[in-house]
Amino acid sequence: MTVLYALDLTGTAAFAASGAWIGVRRHMDLVGVLVLGLVTAVGGGTLRDLMVGDIPPFSLQNETYLYVSVFAALLVYASRKRFKMVERPLLVLDAVGLGTFVVIGTTKALDYHLGFFGAALMGVMTCTAGGVVRDVLANQVPLILRKEIYASACFAGALLLVALEVAGTPRPIAALIAASAVVMVRLLAIHFNWSLPRA
Amino acid sequence: MTVLYALDLTGTAAFAASGAWIGVRRHMDLVGVLVLGLVTAVGGGTLRDLMVGDIPPFSLQNETYLYVSVFAALLVYASRKRFKMVERPLLVLDAVGLGTFVVIGTTKALDYHLGFFGAALMGVMTCTAGGVVRDVLANQVPLILRKEIYASACFAGALLLVALEVAGTPRPIAALIAASAVVMVRLLAIHFNWSLPRA
Amino acid sequence: MTVLYALDLTGTAAFAASGAWIGVRRHMDLVGVLVLGLVTAVGGGTLRDLMVGDIPPFSLQNETYLYVSVFAALLVYASRKRFKMVERPLLVLDAVGLGTFVVIGTTKALDYHLGFFGAALMGVMTCTAGGVVRDVLANQVPLILRKEIYASACFAGALLLVALEVAGTPRPIAALIAASAVVMVRLLAIHFNWSLPRA
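Residue numbers (numbering that gives the first Met the number 0), protein chains in the order written: chain A, 0 to 198; chain B, 0 to 198; chain C, 0 to 198.
Chain A with its partners taken away, still in its complex shape (with noise of 0.2 Å):
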């Protein structure tokens, strides 16, 4: 599915930036840049394959995902002086990768037979397990953890794919839904700053 795989890049791409923004904004040098970027952009989807017993993991499957990421966490580095600029579009890439890995994540473990609410975790964990590891390299409290909807976003968004599966709901028509859903309610999340309350 062509469309899909585009989406999947590109989402690849924003994570990839994200991460090594993160790294800039440590004052890391080039290795932890592109270490960032890397873990950032394919260690969700990696763990999650770990986990389901897809092995040797989607990224050292096909390589065009190391090769992307790598891509533009160089290219981050190198216009490090203007980033700022594209922050607030990269939000909105950031969320278009959210709905697509929660799809791609939860699908896959759905057909290596895993039940449920599993698969939904393993959905959630295709989209933040990266930007987990990402925050614990430079040692602070995963952001996920703490505010924004974001986790959340995509775990509804999984259990929405679950549900209209079970209803028998075309694949690809449930996907749509799915993805759309987690998109709108990140976007909506960011524009309005929504979070879950604190304990």
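Treat the hints loosely; a few may be bogus.
As the list claims (entries may be wrong) - Derived lysine to any residue pairs resembling SDA-like cross-links, with alpha carbons at most 20 Å apart: (1) B:Lys146 <-> C:Leu73; (2) A:Lys146 <-> B:Arg25; (3) B:Lys107 <-> B:Tyr4; (4) B:Lys80 <-> A:Ala198; (5) B:Lys107 <-> A:Gly52; (6) C:Lys107 <-> A:Glu62; (7) A:Lys80 <-> C:Arg197; (8) C:Lys80 <-> B:Ala198; (9) A:Lys107 <-> B:Gln60; (10) C:Lys80 <-> B:Leu195; (11) B:Lys83 <-> A:Arg197; (12) A:Lys107 <-> C:Gly52; (13) B:Lys146 <-> C:Gln139; (14) B:Lys146 <-> B:Val91; (15) A:Lys80 <-> A:Phe70; (16) C:Lys107 <-> C:Gln60; (17) A:Lys107 <-> A:Ala180; (18) A:Lys107 <-> A:Arg170; (19) B:Lys146 <-> B:Ile189; (20) C:Lys107 <-> C:Ala5; (21) C:Lys83 <-> B:Arg197; (22) B:Lys107 <-> C:Glu62; (23) C:Lys107 <-> A:Asp53; (24) A:Lys107 <-> B:Phe57; (25) A:Lys107 <-> A:Thr168; (26) B:Lys146 <-> C:Arg24; (27) C:Lys80 <-> B:Arg197; (28) C:Lys146 <-> A:Arg79; (29) A:Lys107 <-> B:Asn61; (30) B:Lys80 <-> A:Leu195; (31) B:Lys107 <-> B:Arg170.
Hints are computed from structural coordinates only; laboratory data are not their basis.
Could you slot chains B and C onto chain A? The hints should help.
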């Protein structure tokens, strides 16, 4: 073995509660509290399964563990104002979980034909890796690396179990002895505030 | 290949010593010192094996690596008052380990039919992932992300090895050249205090 399964779920709930409580104390939002609960409860056994080669891991093969963890974490979140009251009894349940997990982890590793030292390490990992990830996510040096008789009690119990197996003790008896030893050492360590010397 | 195995165990011991030393410096207890030693020594290769699909990983298939790591960590713990004396020679052994690990990791990944870039990354991961986990456990931003020619030396060596393979060089010769290059670059970087520019 129904008793073992009941103890397993009890320990899972206790571990999830302790993880969720750290999320509450670090002022995370609901996502953070749930993630810390889940990771603490099933993280160790999941990592063990990825290492010995039982993929997907137990937590994705039997979702009861996920439901129990989420329920315990939600309970902690909902009753966080009164948590202090259960903090002490929870330490006892945590110790029971410790004894149970070390036996489950070590025997599983032996059944997967690991060597004695590796099997003992897998027993310790079952008990401790979830808590280590919890502490890393909460951005603190893992508790087990710096104080308390916790990992060391697990390791002693795992070695005892391996030694009993080598000596030909029937597994249910070996398991009972090793688990009891771990629970007892851990409770004594809590009561007398034992710890290993620090470097 | 006996020489390679001897170098492998030497590097394992050097890595374990460096990990244990960080545990000592962070005032961890004996458990912490052992865990940091073990993780630093076998963490990278273990993660690589989980990714390429050689499960259980090498460290659970041949327990010699575990024994060597524990022994080296215990030695550091026991002689921590005089550790300063060996700090410098240890850097040389660490460099030898680096050259050895990158060759072992990259060739193993090639044997598991990974692509060239993925294989090079697995070589780098073999060298660096253990140290990254060590630093995360010690609650600091991983050293390799912010300074020194370390991961970059590994990556250059891994790419050189892949290029030599593609060019048809017999593997023992390609391995020798790549390993020597890594060791030399690393020792020069230590001596001249080279580092990559920071963002």
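Verification of the supplied hints:
1. B:Lys146 <-> C:Leu73: holds (18 Å)
2. A:Lys146 <-> B:Arg25: Answer holds: Lys146 of chain A to Arg25 of chain B is near 12 Å, not above 20 Å.
3. B:Lys107 <-> B:Tyr4: Holds, at roughly 14 Å.
4. B:Lys80 <-> A:Ala198: holds (10 Å)
5. B:Lys107 <-> A:Gly52: holds (19 Å)
6. C:Lys107 <-> A:Glu62: holds (17 Å)
7. A:Lys80 <-> C:Arg197: Roughly 14 Å separates the two Cα atoms, so the pair holds.
8. C:Lys80 <-> B:Ala198: Cα-Cα ~10 Å, so holds.
9. A:Lys107 <-> B:Gln60: Distance of about 15 Å is within 20 Å: holds.
10. C:Lys80 <-> B:Leu195: This hinted pair holds, its Cα atoms lying about 18 Å apart.
11. B:Lys83 <-> A:Arg197: holds (19 Å)
12. A:Lys107 <-> C:Gly52: holds (19 Å)
13. B:Lys146 <-> C:Gln139: holds (19 Å)
14. B:Lys146 <-> B:Val91: holds (18 Å)
15. A:Lys80 <-> A:Phe70: holds (17 Å)
16. C:Lys107 <-> C:Gln60: holds (15 Å)
17. A:Lys107 <-> A:Ala180: holds (19 Å)
18. A:Lys107 <-> A:Arg170: holds (12 Å)
19. B:Lys146 <-> B:Ile189: holds (11 Å)
20. C:Lys107 <-> C:Ala5: Holds: Lys107 of chain C and Ala5 of chain C sit about 17 Å apart, inside 20 Å.
21. C:Lys83 <-> B:Arg197: At roughly 19 Å apart (the allowed maximum being 20 Å), Arg197 of chain B and Lys83 of chain C satisfy the hint.
22. B:Lys107 <-> C:Glu62: holds (17 Å)
23. C:Lys107 <-> A:Asp53: holds (19 Å)
24. A:Lys107 <-> B:Phe57: The hint holds at about 18 Å.
25. A:Lys107 <-> A:Thr168: Given pair Lys107 of chain A, Thr168 of chain A holds - Cα atoms ~16 Å apart, limit 20 Å.
26. B:Lys146 <-> C:Arg24: holds (15 Å)
27. C:Lys80 <-> B:Arg197: holds (14 Å)
28. C:Lys146 <-> A:Arg79: holds (19 Å)
29. A:Lys107 <-> B:Asn61: Roughly 18 Å between the alpha carbons, so the hint for Lys107 of chain A and Asn61 of chain B holds.
30. B:Lys80 <-> A:Leu195: Holds: Lys80 of chain B and Leu195 of chain A sit about 18 Å apart, inside 20 Å.
31. B:Lys107 <-> B:Arg170: Given that 20 Å is the threshold and the Cα spacing comes to 12 Å, the pair holds.
Checked against the numbered hints above, the structure violates none of them.
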